[in-house]
Each structure stands twice: as structure tokens, then as C-alpha cells.
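Colleague: Assemble the dimeric complex from its two separately framed chains, guided by the hints.
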Amino acid sequence: MSFKNQREEIIAICKNLLDEGKANLILGFADGPTGEGSVPFFIRKKDEVDDIKWDDACTTNLAKYLLEKKEGAAIIAKPCDARAIVMYMAENQIDRSKIYIIGVECAGMKDKNGAPPPGCLECTLRTPPIFDILVKNDNSSVQGAVNTHDREEEPGFADKLARFQKEISKCILCYSCRQACYGCYCETCFMDRNMPNWLPNELDIGSKMMFHLGRTMHLAGRCVECGACERACPSSVKIRYLIKELTDFCEELYGYRAGINPDEIPALTAFDQNDREVGFLGGEDDGSCCGSKG
Amino acid sequence: MMAHAVVPKDRLREILGSLLGKYRLVAPVREGSTLVYKEVNNVDDVVLGDDIPYKSPKEFLFPQVEKIMTFSKDGELKPNEEAPETIIVGVKPCDLEALKVMTAVFTKGKYVDTYFERKLKNTLLIGLGCKSEKPGCFCAERGINREYSSACDIFLTDEGDSFTATVISDKGRDVLKDFDLERKDRQETDQNESSQAPVLDIDADENTLFNNTNWDGISEKCLGCGTCAFVCPTCHCFEFKDVVVKGEAIRYRCWDSCMYPKFTLHASGHNPRPSKKERYRQRVMHKYLYVKQNFGYVACTGCGRCIRSCPVGMNIKSVVSEIMEELK
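If you read the protein sequences in the order shown, they are chains A and B. Here numbering that gives the first Met the number 0 is used: the first residue of the first sequence is 0, the next is one more, and so on. Here numbering that gives the first Met the number 0 is used: the first residue of the second sequence is 0, the next is one more, and so on.
Computed from the model, here is a short list of chain B residues facing chain A with C-beta under 8 angstroms:
#, residue
1, Val64
2, Gly135
3, Lys261
4, Gly312
Cut-off 30 angstroms, straight-line C-alpha distance, at most; resulting in silico cross-link-like pairs (DSS-like, lysine-lysine):
#, chain 1, residue 1, chain 2, residue 2
5, A, Lys45, B, Lys316
6, A, Lys69, A, Lys44
7, A, Lys111, B, Lys130
8, B, Lys120, B, Lys107
9, B, Lys99, A, Lys169
10, B, Lys240, B, Lys118
11, B, Lys66, A, Lys169
12, B, Lys261, A, Lys68
13, B, Lys37, B, Lys130
14, B, Lys21, A, Lys169
15, B, Lys77, B, Lys245
16, A, Lys169, B, Lys37
17, A, Lys45, B, Lys276
Treat the hints as calculated values from the structure; they're not laboratory data. Just so it is clear, CB atoms sit at the ideal spot from N, CA and C, and this is done for glycine as well.
In isolation and in its complexed conformation, chain B is listed as follows (with noise of 0.2 angstroms):
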């Protein structure tokens, strides 16, 4: 049975205040003109606004640069199984579906990866619903409400003066327990999740999808610079870098995306894919099929950061829609 409590805003912030010595905090913070999720040491930095950052937080779960283990000449094999305890607040309804997505890729398939797991498993979701959608944003579109989703362990809804707090999980309830707040009585059906079928969807058979569409018109302008993994929430493709320091090596992992050319270099020097169009075709390919075969998601939420950072205005929402249209 979910609860729900009204916490004003100050409130809020006295809590989040109270909570910042035993837990890592993150939250959107103002970069000058960029919003972004960051480790936060004060929490007057921290905004929870309508606004949406133009990272996702997938970072403090699945960081850029991640050492994962060090190794000494003789075999020893030391893995670093740091995952310090850590608040996430003001996460957007898009990117909690997208962690759904991550959470499965890295530990419901074959192997489980035990840097995520316990990154996630550490972690409590405060999740903030959107006012309005923002240019770009089609969440609608992909089936997800914006403005409420149960994948976290607290969600709050902006009232104006205070938040409604609706407690999800044990987790969530334990955080709170010590804080005296007032209880609201509100209707389930206020908050119901989106059981709206995605309008944005690609319906379609592998080969179809690939042999049949108009890549190379799709991918034309793209520059290959990337920008669209770095801020997407369910990328999560990485690659290993190991670094001999004195006496011992580091393994690495680090981001990597797909629209990078040494993604898919062979040791041989022959890369299976040579151009734009092959990167690209994998990259549509990857969220809306791989993804769904292998794990029964799209990767994509609609949260439109792709479209908005783009230097170069490639838009996935039409690309997808042009691809429906044209396998009509």
C-alpha cells in the first residue's frame, strides 16, 4: 500500500540537508546555463524544478570512467567494489523507465554485472514528475507518463508550495521514517502509470528494418560526434581499457558509442561498419529492436535529450516515424 505525505519545500530541503552526511547526494544542479545531475555538498544548489537536465543520471550507476580492478604482477586480482550509499533526487519519469531498461541489461540477462548491481542496489530513487513537456521531449509518444511513474522509491509532485511525497517502496518508507510528516489521503487512481500503448513504436522484422529503409538518407547529416550517447539514459555500451602503473594494472571501463568509427574496428583493420549510415542504422536498430528481442524494452523514453543536444538537429522521433510510415 503506497503513502502519501505532503512535505513543503523547505521542508524538503531541511530533509535532503539532513540526509546529506549519511548519504552521497545527487541532484540537478545550475552549471551556468546548463542543468545537470551532480554530487551535491549544499542543498541550496539543488533544483527541483520543471526543468530537465541535459544528462541523465544513468552516470552515478554506470560512471564515464569506472575502475573496476586492479591486478599485481603475481595474480592478485582486486576488484573495486566501491558503491557508496546514494541519493538520487529529482529523477524525471523518462529516465527511471530508462533505468528499467538499464537494471535489465546489466543484471536480468545471461551474466549480471556486479558494478551495476551494487551501485543500484545502494542507490534511492527520488523521482519528480514533469509539469510540461519541453521542446523535443515525446515521452507521450513512447507510452510513458510524465507526470508520475513507480520505478523509484519516493516520487514527489510539485503542488506549488510543497511536494506530495508518495512512498513506493521499504526503502523509501525507511529514509523517511524519522521525519515527522503530515499524511495525505489520496486517491490511487490519481496516479495511475500510462498503460497507453507507445504510438512511437517499430513494429518490424530485423532484415525488413535493415535492408528496407533509406539509411543513408536518414543518417546524411549526421557528424558522428556522439553527443546523443553521452546524454541518452539507456546507452550503455562500454569498452575496457587496461593502464599498466607501477607494479600493478588497472582495468577501466569507459563509456562508448556506437556512432564512433574504432566502436566496431577489428584488430584486422576491417570495420564491419565503415560509415554514417551503418553507425546510425545501429544506433535506431539497437533502441527500438535489439534492445526489445533481447529484453522485452525500447530503449528510448521520448526524454528528447538526443534531439536537443544535437548539434546538427537529427531527430530519432522522426526518424522513427519516418520508418514507421514508410513499412505502413
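Next up, chain A with everything else stripped away, as it sits in the complex (with noise of 0.2 angstroms):
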């Protein structure tokens, strides 16, 4: 089924879900402010339904919105925003008995150039892993998932440490990475925290490693790559290699992905004497895992 045929399938559930009041909202996505790519779209009216859009350009993850409408609120999820309401579940943030999933089959998408934007060309996923009604594609040209974490390439430390840099280096130190992103919900983040403050005061690059670094590690085992992060950062600052790193590091030690069954426990939640110590003092080094050789 192409994205159209997806469409009108989407827009007959919302339909039948107002009417039906099963729902009071629905999020879903709607046309871009200029024309281009797509934006966050409530829908709470019936001739509202019309306007909902479908297609490669709704790449926002829109799960988010789901820790502000707890209560009656349906959800229009590709296998990315699905991930994320798995480890709202896992996390204890959402009542999934309170929200309605219009799972969507996800074909990829595209950025506004063609090309798959941040998240989408190493996405495994086509089917969401939760719904309560599936919208399916079964178009077979889906875009095949490319590994761009090649462990055999991996350049030493000083060059690791030197990428890093020149990377973070546009960064504004604005958060809106943070803000884009499901897991980043923390009340107050440490980088807001004053007492004691965590954030340096000049805008120089050991802030903004403190930062990315922090932020990073707070999402090991977290992420699901959905790449808001990428696409939220008006600088363009391709950051999301790190968290990789630690998301492959994560299910090759612990055999644990996110976002997938919101009945296993996270990662670093779940704590086994026979845990795997890579890295730790006194603890396991192999080489083998987070590319430690250089």
C-alpha cells in the first residue's frame, strides 16, 4: 500500500475514533509552514480529519506530546514514535490504556533534499512493535537498512576525540536536541541545574562536551532512534553517532534494545551479578565492545 492508500486509511480509523469517542485528540502530522516537509497536527474535530497528511516528509517523533495528554489520546505512530511509547510504558510515564495507537507501517522517509533523514537509513523497523489498530505497507521497496557504524573503520582515540570536537563545535548550546527528544524528560535537566552548576561558563567547547557527553550517557540503552535530535538542532550538528555507539555497546553487552517490549526491563534498570563489565575497574576489556582499541 503506498503512502496514499495509507492516508485514507488513517483519516476512515480517525474518523471512526471521533465518532465513536474513543479519542478526544488525535496527534497526528499536517503541512509544513512553508510549503515544505510537515509539522505536529491535533486533531480534535471531524472536519479536521481531511487536512492530516501522510507521507515521507512526517518525520517528527510525536510521542512526546503524549506526557502532556495523558488521557484520551490517539496517536498516529510510525515504528519510531511506537519505540518511543514502548519506553514511556517501560518507564512508567504513560497509562497505555489511556491513549489508542494507530500503528503505521513506515516505508521511510525522506528530507526535504530526498535523501533519508537522521535515524531512517540504519531503521530495521517497519511495523511498529505496539498499535492497536496496524495501517500496513506493503510496498517492497522499502529502503533497505545500511549500517553506518562499522566497527572495522573505527579510527583511534585521538581521531574519535578530534571528529567529536569538530562536530560539537557548531553547537549553540541552545538544547533544542533536548527538547526534541522522547527521553529527554527529566523535570529539571543537569545542564539547568544550579546548585551545583554543571554548566561552565563560557561557551567553549569543554561546555558543550559536558553537555553532549551528559546527555548522551543519560540515554544509553534509551534511545530509539528516531533522530528528532538531528532534525531539532538548527546548527546541523550530526551527534547521534555517539548515542549509537552506546545503543549498539548496550545490545551487544546486555542484549537489551529500546523500545521494543515494554515488558522487559531497561537496561540500566535491570542489575545482574553476571552483568558484563566492560570498561568498568577491574572489569572485563576485550576490545571488542565500544571500539576500545586506539
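Modeller: This is how it looks when you write it as C-alpha cells:
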């Protein structure tokens, strides 16, 4: 089924939901303000349903709005939105019984230049892991997942540091990546705390490292690879590769992939005496993880 | 009397190159896929095209983080009076208009901000007209002529192989006087500042706007990321931070944004703007009402940056149109 057919099905489902009073709000997509891309769309009335957009520009992760709309909301969820919802369930942030998930199979999104947006290129998931109703896509020409994280090609430590610092030199510390991220929902972010003050004062590389490394660590084993952080960045900082590294690390070491099974305990929440302790003082260091050579 | 000169594009590069040693040169440069105002060391990096940098050049007059003074234990206070002689080239009419707003806010009110004033005094502005309207731009609706502005020292108009340089101030004339440039006769009427009234403007009293607008609905999509404030050419709110280092303390001034929860958080724990509704309301009312009340300008020049940078497509143009419609 093409995007067009999927859209028709989504519209029919939404009309039904509003008719039957199963939802008082539907989170979806509409055309962007400049004619390009899409924006989140809050649908409350039946006559708004026909303005729903569903095509390869619907990149935004809508799940974060569920933290505000905890009851009676329905959400049009791509696999990455659905993975975020799974994490909200695993982290006890939402009540699954109070939301309705319109799962939509995703053939891959495109940015305004026609290239796969951040996250899409490596994505292997075409069907949302969780849904109440599923809108299928039997288009066989889905983008194949590309492994952008090649350990063999990995540079040494100094080169890695140089790459990281070069990338974050563009950062203006506006924290839009944090605001766009499904996983950054702390009431007060460590960067906003002033007792003690975590944020160094100059707008220098140290402050930027502090923020990005801190955020990366907080997302270890939690990232659902939706790419919202990179899409939100006004300065085009490509920082997701760092989190991707931790995501792979977490999957390799603890067999945990975020946002697939709501009943599974997230890797950093679970403790097992037999957990491998790569990188810990006195722990193993077999060089196979985290690209620790170099 | 304004003078006009023809400056072939190569020649402009040469001129900028020879000014490079004497001045800090700031210009649009490419950084990957983005265009941004940066201090340049090589004139070949300067991009004077029709594209608009994603951030405004305000940071060279009002830095994101500015060390404003140091003070020692025994009470000695040293202000940081650093204000390098700077040329900012390629400033678009919307940003020149925005600098009028910034100048009013920082120097025409009850107090004069000497840090901004010093930097402004040492800065030469070279404007550059826009040929086309970019997605998200709405300067025309804000009554701004995208092709020309006299709110600078020299204004460049792209003529293909060359620029027409309109020399506006004495400062601009002094900088160019050592370069032998071909004069150009030009009808002054070619370059009229827009005298059109802006079609996008809110004419309402504070209470009506505050109470009778659907701020809940308008702000619903907002993530509160504050990107709009960082790319905006007129956002000027700041906070102070005192940092104690060995034997002395440093006071920093840093950009702040009304979109952040901490912006209005009181020491008591009370926050008068607890949700994005109040915060977004403040953003719109500050831009379209409060600055107008205090300084006579609307603090939105239609540069469209916030619209282009917003991750969820918040659109101040359609928000203001919606409000105007509601107030009718």
C-alpha cells in the first residue's frame, strides 16, 4: 500500500475514533508552514481529519506530546514513535490503557532533499512494535537498513576525539535536541541545575562536551533512533553517532534494544550479578566492545 | 548626499582582504550545509549570495556569553571594555532593521548598556540586499524592503558581476576612501526605503491580547526548545552568572530565553509562567506589543528564521495573522 492508500485508511480510522468517542484528540501530521515538510497536528474535530498529512515527510516523533496528553489521546505512530511509547510504558510515564495507538507501517522517510533523514537510514523496523490498529504498507521497495556504524573502520582515540570536537564546535547550546528528544523528560535537566552548577560558563568546547556527553550517557540504552535530535538542531550538528555507539554497545553487552518490548526491564534499570562489566575498573576489557582499540 | 560606486565582485574581495588586518571581519560563511556569520581569516570563505544565514549577526554586538567584568576580594572591579574594530559584511535588510530595535533597547532607554554601545560604535555595517524571498520570510508583510536599507554604513546591491555600493555614513566613506572606485550615478528614487505600512501588526491593548487570545491552542505544538530565541535577530534577554575562580570573580552575561522554564523561576520556587502557554504568550506579546510600547518598534522583522528553525513548525506569522483575525 502506498502512502496515499495508507493516508485514506488513517483518515477513516480517525473519523471512526472521533465518532465513537474513543479519542478526544488525535496526534498526527499536517503540511509544514513553508510548504516543505510536515508539522505536528492536533486533531479534535471531525472536519479537521481531512487535513491529515501522511507521506514521506512525516518525520517528527509525536510521542513526546503524550507526556502532556495522558488521557483520551490517539496517536498516529510510525515504528520510531511507537518505540518511544514502549519506552514511556517501560519507564512508567504513561498509562497504556488511556491512549490509542494507530500504528503505521513505515516505508522510510525523506528529508527535503530526498535523502533519508537521520535515523531512517539505519532503521530495520518497518512495523510498529505496539499498536491498537495497524495500517499496513506492502510496498516492497522499502529502504534497506544500512549499517553506518562500522567497527572495523573505527579510528583511534585521538581521531575520535577530534571528530567529536569538530562536530560539536557548531553547537550553540540551545538544547533543542534535548527538547525534541522523547527520552529527555527530566523535570530539571542536569544542565539547568545551578546547585551545583554543571554548566561551565564560557561557550567553549568544554561546555559543549559536558552537555553532549552528559546527554549521551543519560540516553544509554534508551535511544529509539528516531533522529529527532539531529532534525531539531538549527546548526546541523550530527551528534547521533555517539548515542548510536552506546545503543549498539548496550545491545551487544546486555541484549537490550530500547522500545521493542514494554514488559522488558530497560538495561540500565536491571541489575544482574553476571552482567558483563566492560570498561569498569577491574572489569573485562577484551577490546571487542565500544571500539576500545586505539 | 549618498554616493554610489560600482564594485566588481573580485574587487570587493580584494578590498575586504586588505581591511582584514585592520578589522575583525565578520561575514556569512558555509559550514557544511549551513550558512552562518563567522569571523573570517580568509576572504575566499566569504559568501555574499542571496541565502540568509541561519542565525542573525547580533552575537557580534551582543555575544551569547560575554565576560563583562572581574572583581577581586579587595573590591577592585575591572570591566571588560574589549570592543574590537569590526566590519560585518552581508547584513540583510531584516537584520539591519533588527539592529535598530536592539540599539533602541540597549542605548535609548532609561539606562545605556555600555557594552553594547561600545561594540556598536566600533562596528561598520555593510548591508546586502535580498533578491528573492526565502521560504518562511515575511519581511514584506512587516513593511520592510528586502532590497535596500539605509540602516548601515555601506549597502551593497548585487548587479551580477558587480555590486553597487551605496555609501551611507561618513564611517562608510572613510573606509572606502583609499580604494579607487568607479562612481556611479544613480537615481535616488531607485532605492526608496519601504514606506509601506506593515500588514502584519497587532493593534490591541495589552489586556485584550493577554486575556482574549487562545494561547493554549496557539502554543500546543511548542516544545519549548528556545531555538527561536537563539536565531532571532531581536531577542535580547540575558541573565548574569558570577563565577568564582582563584582570587577573583568573573561576571558573565549570557543569552536567556523566555521559552525556558527557569527564565521566570523565583527563588521562592514560584514560577509565574509555569507552562508553555504563558511562555509563548510572552514571546508574541514582547515582540509585537511590549517593545512597541517601550521603544516604538515591533521586534519582529520577518526574517523567518524562527519559522525555518523550529523543529515542530511553530509559525509566528500565522500566529499573528490568527490573532489579528480574532481581534477583528
